[in-house]
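One line per chain: the protein sequences are A and B, in this order.
First residue of the first sequence: 1, per full-length UniProt numbering; consecutive thereafter.
First residue of the second sequence: 1, per full-length UniProt numbering; consecutive thereafter.
Honestly, the hints are just simulated from the structure, not real lab data.
Incorrect hints may have been included.
Stated by the list, open to error - Each computed DSS-like pair below joins lysine-lysine, with the alpha-carbon atoms no more than 27 Å apart:
no.: 1; chain 1: A; residue 1: Lys-332; chain 2: B; residue 2: Lys-322
no.: 2; chain 1: B; residue 1: Lys-17; chain 2: B; residue 2: Lys-329
no.: 3; chain 1: A; residue 1: Lys-281; chain 2: B; residue 2: Lys-281
no.: 4; chain 1: B; residue 1: Lys-96; chain 2: A; residue 2: Lys-312
no.: 5; chain 1: A; residue 1: Lys-239; chain 2: B; residue 2: Lys-312
no.: 6; chain 1: A; residue 1: Lys-67; chain 2: B; residue 2: Lys-360
no.: 7; chain 1: A; residue 1: Lys-54; chain 2: A; residue 2: Lys-360
A quick note: this is a predicted structure, and the numbers were derived from the prediction, not measured.
Number of protein chains: 2
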Amino acid sequence: MSYLSSISSPTLLISEKICRANIKRMADKAERHGLNLAPHWKTAQSRIIGEWAKDYGITEISASSIKMAEYLSGQGWKNIHIAFPFNIREIPRLNKIAATQSISLQVINPVTAQRLVDELTVPVGFFIEIDAGYGRTGVSVSDFGLIEEILLIAKKSPKLNFKGFYLHAGHSYYMPDIPELYEQTRNALDMLKNKYRTEYPELLTRTGDTPGCAVMEDFGDIDEMGPGNFVFYDLMQEKLGGCFKSDIAVALAVPIVDINRERNEILVHGGGVHLAKDVLKEEDGSSNFGEVVYLNENGWEIPEIQNRSYLKSISQEHGIIKASDSLMKTAKIGELLGILPVHSCMTADAMGSYLSLDGKIIDHCEGSFDKK
Amino acid sequence: MSYLSSISSPTLLISEKICRANIKRMADKAERHGLNLAPHWKTAQSRIIGEWAKDYGITEISASSIKMAEYLSGQGWKNIHIAFPFNIREIPRLNKIAATQSISLQVINPVTAQRLVDELTVPVGFFIEIDAGYGRTGVSVSDFGLIEEILLIAKKSPKLNFKGFYLHAGHSYYMPDIPELYEQTRNALDMLKNKYRTEYPELLTRTGDTPGCAVMEDFGDIDEMGPGNFVFYDLMQEKLGGCFKSDIAVALAVPIVDINRERNEILVHGGGVHLAKDVLKEEDGSSNFGEVVYLNENGWEIPEIQNRSYLKSISQEHGIIKASDSLMKTAKIGELLGILPVHSCMTADAMGSYLSLDGKIIDHCEGSFDKK
Chain A
1 MSYLSSISSP
11 TLLISEKICR
21 ANIKRMADKA
31 ERHGLNLAPH
41 WKTAQSRIIG
51 EWAKDYGITE
61 ISASSIKMAE
71 YLSGQGWKNI
81 HIAFPFNIRE
91 IPRLNKIAAT
101 QSISLQVINP
111 VTAQRLVDEL
121 TVPVGFFIEI
131 DAGYGRTGVS
141 VSDFGLIEEI
151 LLIAKKSPKL
161 NFKGFYLHAG
171 HSYYMPDIPE
181 LYEQTRNALD
191 MLKNKYRTEY
201 PELLTRTGDT
211 PGCAVMEDFG
221 DIDEMGPGNF
231 VFYDLMQEKL
241 GGCFKSDIAV
251 ALAVPIVDIN
261 RERNEILVHG
271 GGVHLAKDVL
281 KEEDGSSNFG
291 EVVYLNENGW
301 EIPEIQNRSY
311 LKSISQEHGI
321 IKASDSLMKT
331 AKIGELLGIL
341 PVHSCMTADA
351 MGSYLSLDGK
361 IIDHCEGSFD
371 KK
Chain B
1 MSYLSSISSP
11 TLLISEKICR
21 ANIKRMADKA
31 ERHGLNLAPH
41 WKTAQSRIIG
51 EWAKDYGITE
61 ISASSIKMAE
71 YLSGQGWKNI
81 HIAFPFNIRE
91 IPRLNKIAAT
101 QSISLQVINP
111 VTAQRLVDEL
121 TVPVGFFIEI
131 DAGYGRTGVS
141 VSDFGLIEEI
151 LLIAKKSPKL
161 NFKGFYLHAG
171 HSYYMPDIPE
181 LYEQTRNALD
191 MLKNKYRTEY
201 PELLTRTGDT
211 PGCAVMEDFG
221 DIDEMGPGNF
231 VFYDLMQEKL
241 GGCFKSDIAV
251 ALAVPIVDIN
261 RERNEILVHG
271 GGVHLAKDVL
281 KEEDGSSNFG
291 EVVYLNENGW
301 EIPEIQNRSY
311 LKSISQEHGI
321 IKASDSLMKT
331 AKIGELLGIL
341 PVHSCMTADA
351 MGSYLSLDGK
361 IIDHCEGSFD
371 KK
């Protein structure tokens, strides 16, 4: 019996084959450039997919919350990095997991450093997150006063150990010129390393974004990379040139509930609570919330470009597909279609589990299999 | 000890007082107009909040998926209506819950009607969903051929019982002139009732959208209303004029993790996985993903308009608040702020539970308390 026959409601499918190929490609690249790959597990959020990653020599991962770090701890990871400016309300939870699992944090202000010094009961590492222009989070790259204030506080405790500098060049999602951006990233991290390595000879520099890690071939003296999305990829990454559609490792299976032959539209059970609401713009200005693939016994087939169909609108549970002529000819009420997500991290988080193509449930930090 | 001291991570707060007042107001309005109120529980998705609703004479509710209907069944509801075009892959699950819980469905095509006739093992009711211009789902209001084809199929089985016509005037979210829209809704439903009530003397007409149900005072001959969002309301509804900000019954508590005094920005742990990504546009064209309220022992306080602060951007877990001068003066790293959501249904679904202001966990169909 095919995995498809078990599906009655919206279900997130994962191709282990594509996912492993994505991990292997990035692991090979990291090795080629002498970088330590510590992927950001905010995308997969899964213990089982963590086991797949270990097959390619990956020994460290990142989480984006203490909750996720708790979920991933005790699974044999050499270190789990919480890649989010640390929230001091969570020090008690941190002390608990860091007692048995090597943890590192991000610190971007003296208040947080001081509270950690005061309240840590077990050792943790920390990176100072650097903002080299993205403007979301981090210490400005030239604010040596702030960097040194944090380092000085940390020195007061043997439990808060400086590991290095972390830079998430998230503007690679918005900027067309990734090589230019990387020049900036490399220069920022190299400058900081040169400035502080006399005092901290072991200090590491890490960069993170998937578009950059996927596209770049020159990482300069950077020591580590921590991309996340590459594990699954998605339509956003494809648009940015970091992957092909055939590299996308997850697809939402959605049941067809109605077909409108006048409008060439197909109504599916699959909306914002399943896919999340990230959206791309089509050339004609219309919205694209995900693209149709044809499901089969072995996974899915991507239509030729002239037969492309996509979700033109979604609400909480409804999705409306703008269907190609070829899809209109074959679609039947009660059958399933696949939807490649615009932003796979958000879709996986909304769904809270995966179904493998051999019918196995793959865990996700957020929930039970029958979530939706 | 305050409910606030128990919070370390993003947590969705619910004010029972505001929520009950919202339910009572709509129940009073329904009674005043002689309408049966069968609210859409896609917003609250909660058994406990269902108990609150029963205090105001509410005996029937709606769900947007079979999963949600399963979760709400067995709780003493006279009927649960699945307000989504029925998905025939779920007939086995339907037969199971409808064996012990009165269920009604929406049917919009003959294929679905026929499969129900063939495979139902227990009786269910059904509404035909009508599209009077919204264009999302439903049988076109003038397509009597299709309506009668569905009715004819249903007559073949004593298990598939026609209850009436359902019309979701969802364009009230986009159209400024709600009274004109309701004229259309009333006319459509009245016409259908007049046409079919000789044959179906018990047939009911139901309309659903919150903006219309909140704003209108003339429902004509409509029998039932099924709004959902009014239970919590949100910034989108406030913008549409259906509520005041003080009617919004939920707020996301988020910890402050950094403060940028140069940019007047506050970084919080609270992003797309908590709030979802619905967004409003400010007058200056900037984005608004939620507005700041000040949390206190009794709930929250809404700042004066000149001291308004809002989330100007979010990513998966990060939120950046564009802060007013007064908020910049008082905000401290490690403290909590509240965020009124743009779209409360999506936020509640993303969070999967609520915390009441007296520290009790309020259930939600989607998950466990410590979801994020």
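Restraint check for Lys-96/B with Lys-312/A, where alpha carbons must lie at most 27 Å apart: violated (34 Å)
27 Å Cα cutoff - pair Lys-17/B, Lys-329/B: Measuring from Cα to Cα gives roughly 30 Å; hence the hint is violated.
Restraint status (C-alpha distance of Lys-281/A to Lys-281/B at most 27 Å): holds (18 Å)
Restraint status (C-alpha distance of Lys-54/A to Lys-360/A at most 27 Å): holds (19 Å)
Given hint Lys-322/B paired with Lys-332/A - CA-CA distance at most 27 Å: Violated. Lys-332/A to Lys-322/B sits at ~48 Å, over the 27 Å cutoff.
Straight-line alpha-carbon gap Lys-239/A to Lys-312/B, limit 27 Å: Holds, at roughly 25 Å.
Hinted pair Lys-67/A and Lys-360/B, Cα distance within 27 Å: Within the cut-off at roughly 20 Å; holds.
The structure shown violates the earlier hints numbered 1, 2 and 4.
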